[in-house]
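Protein chains: 2
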Amino acid sequence: MDNTLNQLKARLAEIADLFKASEVLGWDMQTYMPPGGGEARSEQIATLQKLGHEKFTQAEIGQWLEELKPTLERLDPDSDDAGILRVAARDYDRARKVPTELVAEIARTTSMAHEVWAKARAEKNFQAFLPMLEKIIELKRRVSACFGEQDSPYDPLLDDYEPGMKAAQVRAVFDELKRDLVPLVKAIAAKPEVDDSVLHKDYDEQKQWDFGEAVIKRFGYDFSRGRQDKSVHPFTTSFSSSDVRITTRLMRNFIPSALMGTLHECGHALYEQGVAPELSRTPLADGTSLGVHESQSRMWENLVGRSRGFWKYFYPQLQAVFPENLGKVDLDVFYKALNKVKPSLIRVEADEVTYNLHTLLRFELEVDLMEGRLKAKDLPAAWNAKVKEYLGLDVPDDSQGVLQDVHWSAGYIGYFPTYTLGNILSVQFFEKAVQAVPSIPADIEHGEFGGLLGWLRENIHRHGRKYTPNELIQRVTGSPLNAKPYLAYLKKKYQALYGIGDEELRHN
Amino acid sequence: MDNTLNQLKARLAEIADLFKASEVLGWDMQTYMPPGGGEARSEQIATLQKLGHEKFTQAEIGQWLEELKPTLERLDPDSDDAGILRVAARDYDRARKVPTELVAEIARTTSMAHEVWAKARAEKNFQAFLPMLEKIIELKRRVSACFGEQDSPYDPLLDDYEPGMKAAQVRAVFDELKRDLVPLVKAIAAKPEVDDSVLHKDYDEQKQWDFGEAVIKRFGYDFSRGRQDKSVHPFTTSFSSSDVRITTRLMRNFIPSALMGTLHECGHALYEQGVAPELSRTPLADGTSLGVHESQSRMWENLVGRSRGFWKYFYPQLQAVFPENLGKVDLDVFYKALNKVKPSLIRVEADEVTYNLHTLLRFELEVDLMEGRLKAKDLPAAWNAKVKEYLGLDVPDDSQGVLQDVHWSAGYIGYFPTYTLGNILSVQFFEKAVQAVPSIPADIEHGEFGGLLGWLRENIHRHGRKYTPNELIQRVTGSPLNAKPYLAYLKKKYQALYGIGDEELRHN
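Protein chains in written order, with my numbering: chain A, 603 to 1110; chain B, 603 to 1110.
If you are wondering where the hints come from, they were derived from the structure by calculation, not from laboratory data. A couple of the hints might just be wrong.
No copy is singled out in the list; a pair is fine if it fits within one copy or between any two copies.
Calculated cross-link-like contacts (lysine to aspartate or glutamate; reagent style EDC-like; alpha-carbon spacing at most 16 Å) [claimed, not checked]:
id, residue 1, residue 2
1, LYS657, GLU616
2, LYS1093, GLU1106
3, LYS737, GLU1047
4, LYS671, GLU625
5, LYS1093, GLU703
Everything numeric in this text was worked out from a predicted model, so none of it was measured.
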């Protein structure tokens, strides 16, 4: 048995190496690759992915997993080996259930769709993208069907990003969120708009860069096991827990772009740097889901990085770096500007409060598409109606509406809700951390983050993929996924910032 | 048949992707990888190399090659497909002849040997390295034996770096070189030492960097298909002919280090950027041998970059960049300093003339070791005697003698002669280029390199590995490998620089 387990682990290690190598090639492509390198690079990445997939779906792996079922039953369920066997079996089942030809057809279609989508968006022409979108939805419904009878055809797709979560569970939590958020956003929109011109002054890029790196060093990001580079779209990538890299982009006339982006990616990176080194080259060496990953990035970006306590410590330092811009600006003015809420059309530019309404409406539309209640051709109208209802805005054209995001053209259906799941979880986890380490809020005011990071490492990071999101949430917080703490956090913070009484919300 | 050929080419393309991916990981390791990333990176590279080797040595490849033998005979021998079939068959035979266990044992041994060698060198203790060296020589003799009866057991090892070349051929050419170089070096050593202090002033590193890049842009290095970065040891690496990267290292107090290093690596890179794009993802997409590769780097570094004509154009520009260091220094003083010859103990610090004696003595010792005339334990004495004979120097300790190079500890036996083969070939090729494009010398004085690069592209670069070194030399120059042009070049240049009459050489 040991021999079979070792054989399996050795094979899984090789497979992990192939996928990690592909990550390195992807990182290089987005940071340092000269323009001419793209074509060969795409071939190389495709080959690594294909070989990794082929190696993982070989029947031999299935036989080994079958032989090892009795071993798994004897093992301590919390042991690394049990985790490896559970996760490898789950991944194997998923990978084998979808026929290779269907996977290939999706790859071909989405590869074409990207260009069609980009052109349609530039030309504000949804009709040009519609046939592609219909095809993608059809293909994703076929993927879903590979998993047999389900409560919702959306479930197997969501499972790609949030193993074990169901559409119904997410919908219940999101409905609760929506019930309270829509009135909150309306109440804020009725207040005078915050002046955030202080954020739009001229900020030297090198100084922005250095300040961001100084902050994440204090967070505990280990530069001997990582680095930051520039890229068009910020991202985090992990080649092992000892080499986790982040990227950012700098905007001279908007300081939150690089800074908050760096804190966000740092949150992802702290998770990956915190995965137990013993899990290297196993299927466990990764975050357990996109939602849990996002809970970490949002926690460091928002709960820490947009909090008044954080800026109590860091604002004097930022003033010292940019005396001409900030020397005479009060902490409260800066803090309020950084937390300005304003309903807008574009998700990626949205603030902490309205952001959730953007993902929420996409989730609702995705589910309707997959469950057959909505046709792709009717998407723009449905989209625009929800934007009006949730954000109070009219969509002037589809480039600012249904065409704005790349996700659907890439076949990512089930991805959007993970952003808001991350927000919800960030508060569930943070409150638990503060309960366990009560000094955390005061520590933040003194630029100390070891207590928080230590708790996250111990309770979340080190496990990697050993537990599913629902298992991890239950294990860490003692309760299931729950929107209430997040809602309470938002209301407390933004009612105070905007001077909104409880009665103003109840009226809606 | 077409189908078999296509299957073979598709497989070879995947194998090429694996090895190129491994190159990307290696480049990153030496440029941007954080210190913590090394362990996982070594595993990833080892896996890619192993899978590439496994895929290439599968019996199926041999069957396809066998089936395609009639096709090869029908094909135009100059066609790409014929080249692919020839080179793939040669590589396959070589890869299959050495048993996997022997390859693995060499990998294990050299992996250990590196550390033992580094320690022995630091401690100037040859005895500590001797057992490892003996083991490596024994293993390489076993590799050689896998190829059956040979004129010399050195031949199959040399073949790794110079396909088709034989020890006897190299020895004849090197003997001719030695006969003339030893007296030349002695005559130079008898002259007053050149004052090269101008090269050792304080040179701003960024300005060095920019100047080097400006020069290679004029050479024709395409930055849209490449880039330069910093690394401890300068190198060139190619991920495709559209992504060929170089590195350099900067020394504030010695300007030739970065500059001449950049021109050298650029020479390698121009070769790789010039391989025909059609050969991408085939076994032909690479330089044909280390010697031919080195002919390109040495040509741009020495024949171009250390020539008086080159500096006639570029020296005023360099003076403008460093007016405080060079403003009052004559071109001739700078040119003489840059071409200073002085016998020294360390190969990598040697000048254009004495360099060859370093590689030559290593070649002679390697052949003696492999042919059994020399025992590893007697190496230091043999080394020191040759250094005395060729360079007129006493070796104070083995760290400055037999222990100085990493090559043997890595199992690279047959590698050293390629450096001098490159020197020899650089002049054979250059003279042919000037014959075909007589304006080249005058062009160089005007900072124009298109004629030279165009000729190299057409006659050498685009073919990749299609022809063996001997085939290429014959095809390009109309004669075999020949030391005479190189010797004539060295004598003309350095007799003039040092005021040495022919009679001074004849006396020796």
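Evaluated hints:
1. LYS657 / GLU616: both (9 Å within a copy, 14 Å between copies)
2. LYS1093 / GLU1106: within (12 Å within a copy, 95 Å between copies)
3. LYS737 / GLU1047: neither (52 Å within a copy, 62 Å between copies)
4. LYS671 / GLU625: Answer is neither; intra-copy 31 Å and inter-copy 39 Å both fail.
5. LYS1093 / GLU703: Neither: 49 Å inside a chain and 67 Å across chains, both beyond 16 Å.
The structure is inconsistent with the numbered hints 3, 4 and 5, although it conforms to all the rest.
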